[in-house]
Each structure stands twice: as structure tokens, then as C-alpha cells.
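Asker: In order, the protein sequence lines correspond to chains E and R.
Numbering follows full-length UniProt numbering, with no gaps: position 44 of the first sequence is 44.
Numbering follows full-length UniProt numbering, with no gaps: position 288 of the second sequence is 288.
In short, the hints are calculated from the structure, not lab data.
Don't take every hint at face value.
One copy or two, it doesn't matter: identical chains are merged, so the pair holds either way.
To be verified - Taking lysine-lysine pairs in the DSS-like style, the calculated list, with each CA pair at most 25 Å apart, reads: (1) Lys343 <-> Lys314; (2) Lys62 <-> Lys213; (3) Lys388 <-> Lys314; (4) Lys62 <-> Lys50.
Protein chains: 2
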Amino acid sequence: MSAQDELHPDDIQQHLREVQALLSRHKVVEELVHRQDMPRHELVENLVHKQHLAELQTRLDKLHPADIAYILEALPPEDRLFVWDLVKADRDGEILLEVSDAVRETLIETMRPDELIAAAETLDADELADLAPDLPPEVMQDVFQALDSEGREQLRAAMSFPEESVGALMDFDMVTVREDVTLEVVLRYLRRFEELPDHTDKLFVIDRNDHLKGILTLESLLINDPEMTVADAMHRENIISFEPDDEADDAAQAFERYDLVSAPVIDRERRVIGRLTVADVVDFIREESEAEILSHAGLREEEDIFASVWDSVKNRWAWLAVNLVTAFIASRVIGAFEGSIEKLVALAALMPIVAGIGGNSGNQTITMIVRAIAMGQVEPSAMQRLMKKEIGVALFNGVVWGGLLGVLAWWLYGSVSLGVVMTAAMTLNLLLAAAAGVVIPMLRMRLGADPAIGGSVMITALTDSGGFFIFLGLATLFLL
Amino acid sequence: MSAQDELHPDDIQQHLREVQALLSRHKVVEELVHRQDMPRHELVENLVHKQHLAELQTRLDKLHPADIAYILEALPPEDRLFVWDLVKADRDGEILLEVSDAVRETLIETMRPDELIAAAETLDADELADLAPDLPPEVMQDVFQALDSEGREQLRAAMSFPEESVGALMDFDMVTVREDVTLEVVLRYLRRFEELPDHTDKLFVIDRNDHLKGILTLESLLINDPEMTVADAMHRENIISFEPDDEADDAAQAFERYDLVSAPVIDRERRVIGRLTVADVVDFIREESEAEILSHAGLREEEDIFASVWDSVKNRWAWLAVNLVTAFIASRVIGAFEGSIEKLVALAALMPIVAGIGGNSGNQTITMIVRAIAMGQVEPSAMQRLMKKEIGVALFNGVVWGGLLGVLAWWLYGSVSLGVVMTAAMTLNLLLAAAAGVVIPMLRMRLGADPAIGGSVMITALTDSGGFFIFLGLATLFLL
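Put together the whole structure using the sequences plus the hints.
Answerer: Below you can see the structure in the form of C-alpha cells.
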């Protein structure tokens, strides 16, 4: 951190280390107090103790809510709750919004209903809607009662949209102007604000019925002659707007593609009902990609690294169970060929290679195709073309890698025909993987399911069982 | 698309379909012309033909460069090049910036040096730096010659920073003001601009030596009295700025955490040298998460879905090779126990289950820990604590899932001791997976390597070979 009190990207970890240092000093003192048990020292120790606490509190008060959230996530449970208690109550709401779901749960568990209500009441309607699912119903009821009618209306609206929709991401803060006034009037109007809503890069031009007429960017407001009217300075065409039912993912792609900072959300009658900002979109993009990476490894949600064993087990068991079922099926396929393996035990050693390469190669194909589908760039009609390419790749890999492993099998076991069966089985399993890698996501797309979910598990199950069956079957036919 | 010419998130796919429709109409006409071979019809056909082309071109001219990039990516090679030729030459540069790396290569390959130079000359220095690695050296040399001295300086600077640094993402467009003038003067100054740099949400306040003195947000400019001086309206404290050597990932986290739209980039003497905007950061976040998802499946880079078989093979072979090597090692572990398998062939059928659950569970652990490390929230000192938790989860899963599979093995093969060995082997392999899942990323972090890379392959290799060794070893010791 430079002398001029500037924030630097590394600072967040600096903050964390400072808080940790203060915490451990605090703990050393506490331990001393407990251990010595000498009443005449107590007062002094207590003073030192209090001084550390005060220092820690001052430090926390200066931090951005997002930074406190980061620190809370990085601290083990006892330290986390200790720091949480030191945070000023009026910041609880903002901080709860920033922490991860898993950590939020641990914090909310420790709060009394009246504390939760106080925290919730510091939030805007759209923020409340985000927090609502984690709050006890009786708390939400009290909070709802305390809102004014506009707030209730907004909260009801925000909570009515499905989680992955624009409606769930939008906020209700915005500045609107009329088209018949001059820019000078707009400038004077803005000077009456104490502050503008975050991420205001444009004002929404509406008529008396709230219908969107155009967009006045701060840029046009600033570079144009103040005598000009809003109607002349505003954009009327190519306005990018969203409806609350639009999918958040499409909106995120639009923000990325057109480099937006904010955009109006309108209803079917073109009335402006809210606003989407890049901050919400960035959070959404990050959460989506996190969720995708986690789901690849079979984690249901982001895990509090200090979660209890039981919480971790709950977060992970479903995927393990599915994989065990598929592994068990593969095991039964092998079981069907136990007679062959007994006669030629080399099969047992070679079969995992055949299954493995199919799984790896199938996952490459499916990952590539799922991503292209997610971007909307694959028409169902492209299936034939993609299939031809993937079959080509599989044949190439089958000849090269299958051939190599065939030679190794020949060399290891001194049997040419075993080598040939190895090569043939690897090629066939690669072809199976390629076909499944194209068909599974395309089929799921046609059926309207999310092509990304579970594809990896399905293809691995298929190439495992399929690989064992192909290899052991070929061996039984041609070698025994 | 509504009547008022508004853009809607679904429009991009609408555009794609329209272009595809126009293309196929064009192709039908071409085919007719070829097939009929009737000279008297030629003129008419040619007219229809030209009309379709004109329609397509008009359509393309209206589209945003990012939309054209999207369409180019979704079209197979022949259509892609056909559309690319129709795009106005002065937009080539912008579009090349927007397409994926793989598609960019296919487009650049078809362009003549003079076309490339013309395209490059339409770009800013920071954009040129992004494109430079894909351009032939002689083209870059000509482009460099054509720049003025400031442009050369900026291009040299932009290209000198490593790919994942703030310097590589920053641009050089910004508005700076002095602190001793009034807001009124700033407002008048801005009115002399034709347009403001994209994403201008704040002006940088500098002294005569370009040193950063503060930040004047457009918000303060707009809500404050014009008679106020910049010095009074600007922020001096808690300014978030970056240095060009800062890691892009840290900057992205800061943008996300503090909801930034733009931030100054300063050198060690606090001179403002550039600017980072949320648009660059969003692109970076998306690219990073794409790269992570692709690398999990062993794809080196985003693949053009219409890539040739050979390009796909090149993109995928390295990962397959590594996995084949680890599968071969696992196969040799099994080979060492062939005598045991010959005596008890059930081992061959059960061993993939032991290996599989270790791999799945190890990947869950490593994914969770790698993510926490990436956020900077895991201190090396936390290792003991994490290890304890993961060992706990592994023991639990070993008892539950291992016990279940042990009972199944007993039931299938009528041997209690085989069931006990199964349970023990699964538990031990789960413990191995948990230990490796914690140690591998922590060790890589201490060694300064990227903990994310290759962890999944390493842990799967370990739990495969380890699982076979533990299960077959235990069986050899206790069952034979």
C-alpha cells in the first residue's frame, strides 16, 4: 500500500494478514489471562486486550464490505464469528450479500432474528431478494411488513423471477428524464441528487407513462451543447434493452459483446421497470463459471473451506454415488468375461488402457461441442458435419495411439494377435467416444435439456463399460 | 426484434439465421446457374444472384463487429470466407479482434499482406498489441513504420507486458484534467470532444508531470456546483489504481469486488500511463474461465468447431499422450499382480471400482482447494486443518461406500474376506486421494507453480495406480 492510501490488488491479502495478526495477538493475550490467573495482573492484561480489540475494530471499519467478506471466508469458524461480532451491525446486510452461500449460512445461523431484521432493513429491494432464500421465513415476514408499498412491490417483483433470469439480477435504481427538456435542465436536475445510482452511464428517456423513448448517455449529455434538447441528443435506435424474463446468460453475453455498463429492463408494454448493470453481470458470469467448474468435479456448490466433514460429505455424495453406480456396471461387464480373463490374464492389465483413452477423448469432444452449443453456434443441422470430423479424429488417434499400444502389448506379451486386438479395441472405443461426444449433447439440446449437465459422467460410463466390452469381447472372439 | 429497432439478447441468433438463410438462397441460385447452363437464363439468374448478395451485404453492414464475429465462428469454412469477403474492409480490424483465436487464424490465412496492413491500421495501439502475435512479422513491421511516434511508443509498451498482466489489458484512451480548475471549466472542456473514450466514468486528475493527484467521477462532476474546483470535488483517498506489472487476475478480482468501471494504471513514479476498463476485465474473466474449463478436458485452446481433423488432433494430442502414459503405468501395476488375478479372477472385475472412486473423490478435493488457493484464501498454515477435514470425509466415504461395495462383493462372489478387502482397499484409496488432493496443490503453491495446472491428471494417475496396487496387494496378502 503506497503512502497515499491507495488500494492495490494485493492489498486484500495484506488486509487478511493484518487481521490474522491482530487476531493471534488477541488470542495470545487471552491465553495469558487464562493461564496466569493472577488477579493483580488482570487489569493490565485486560487493557492490552482491549487495545488490540479496538485496533482490530478500527481496521475492520475502514474496510470495504467485499473485503470483510473475503476475510470472513478465509478465517476458520471461531475466528470468523469473532470478527463477525466486531463488525458494525449496520454493515451486516451488505457483507452478507458479499460472502459465499456456504459462509453466509454459517453467519446467519449465529444471528438473532432482531439482528437479521436490522441487517435486512439496510438493503434495497433487489438485494433483499437475493438474501431472502437464506433468511428464516419469520424474519422475511417482519422485513416485508416494514417496507413501504413501493418497496413491497419491488421485492415481490424481484422475488417472482426465476434465479437465472434478468429479473432476478436487475435493480430499481435509475435516473429517468423527459425528452422535451434541454440538456441544461437535465444538468440542473442532476445537481439536486446527493449521489447517482451506481454505474449510471446513461439516463433513460421516458414519456409520462414510463414508456422508454430513448437513451441519453452521460457522454452525450457532457459533449453536447446544453441548449440542445434531450430528444435531439438521445439515441433512439439500436437501444439494447432486456425483459425481465430474458435469460441472464443471454444478457451477460450481450453485455460482453456490446461492452455495456448498464441497460434498461422493460416490460411487454415497453415501460421501464428496472436496470441491469455490469456489476451484476460480472458477478453472474463469475458465479456461472464457478458453478460449471465445480460441477465438473461433482461439487454441488462452492464449499466453505472450513466446512464440517458432514457438510462436505453432503456437498459431494451425489456425484460419488452416480460414479459408483457406473463403475459397478462396468465391473459387471468385466464379470461377464471372467472366463476369458482366467485364460488370458494379460487382458486384465490391458483393459483399463482401452477404457481410459475412450473416456479422455470423449470428454474432449463433448467439452468442445457443449461450449459451442452454449454460444448458440451449433445448429442441429451441423451434427453430420461435426460427426464426420470427430470420427476422423478418432480414426487418426486409433491408428496412432492404438497402433503404439498394440506394439507395446505385442512386445510385452509376445502375441501379435493380442496386439492387433488391442489396436482394434482402442480404435473402436475411440469411435464410440466420438459418436457419443457428438450425439449426447446434441440430443440433449433437441430435447431442451441443458447439454452441459452430466455429459461427462455419461460419456465416461459409456466408454468404460463399452471399452471393457469391446476389448474383452474381441479377445474372446479372436484369441481364445 | 421489436418494431422500434431494438436489440434483444436473442437477436444474435436471429442475425445468424438470417445470414444463413441468405447464404443458402445464394447457393441455390448458384447451383441453378451451374446446372441449367442455359445462356438465355443467365442474365436473369445473375440478377437474382446479385440481389441476394446485396441484401446480405446490407445486413452485414448493419451488424456490430462482435455480431459478425459470432456469425463467422458459427459458419463452416466455405461460408465463413464468403461472408468475410463481403464485410467492408475498414471493419476487418475490429472483427479480427472479436473472433476466437482459432477462427482468427483461418481468416488471416486468406488475407493478402496489404489487406492485413489496412486492417491493422484501423486499430488503436492496445488493440494492435492483441492482434500482433497472429500477424506475419513483415505485416507488423509495415504497420509499425506507419505509426506516429506516440503510437509506436504505446505499441512497444503494450507488447512488452506479459500476457496475463494489467499492462497487456490496458488502453491508452483517457481524459485527464488539472485540479486547480472549476467543474464549469471541465464541463466546457468536455464539450470540445467529439466523443469520450469508451467506459469513461471518471476523469483522472493529474499535475503537470502526469502524476495522479485524484479521481473526478462523472458523478461528482454532475452533482456538484459548477463553481466548485476539481480539487474540492475529486477523490484523493482510497483510489484504486494498478501498475502495469500487476497480475490481470488480481485486477479482475478488484474490479469485481469494488464494482469498478474504469481505473487508472500508473507507473512507479505515480504517472498515469493508461487505463483499465471493465470491458477488458469482463473479456479476461470469460477467457480465463473458458481456458480453465477447456484445460480440464485437455483441450489446449478453444477449437474452431469446423477445424480440420488435423487441427483438432494437434489441439488434443498432448493430453491424450499424458493420459496414455499414466494408464500404461497403471496397467503395469496390474501386470505385476497377474498371478493373483489368475487365481482369483474376481479381482479383475472389482479393481476398476477401487481406482474409480479414488479418482472421483480426489478430484473433488483438489478442485475445492485449488479454487480456495486461487482466491488467496488458503495460507500454507491451513494445510493441517484442511488435511484433517479431508481425511475425515475420506474415512466417512470409505466406511459408507466401501462398506456397501464390500457387501456387494461378498454377495456376488460369496466370500466375506473378499468383501473385507474391498472395503479396506476403497477406504485406503480414498485416504490416498484425500491426502494427495490437499498436498499436490499446496506443494505447487509453495513451489510457486500454478496449483490449477495438471492437478487433475496427477491425482487420477495416482489413484489409478495406487488403487490397483492397494487392492491387488491386499488381496495377494490376505486372500491367496
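Asker: All hints are to be evaluated individually against the structure, with a verdict given for each.
Answerer: Tested hints:
no. : hint              : verdict
1   : Lys343 <-> Lys314 : neither (43 Å within a copy, 39 Å between copies)
2   : Lys62 <-> Lys213  : between (42 Å within a copy, 21 Å between copies)
3   : Lys388 <-> Lys314 : between (42 Å within a copy, 17 Å between copies)
4   : Lys62 <-> Lys50   : within (19 Å within a copy, 67 Å between copies)
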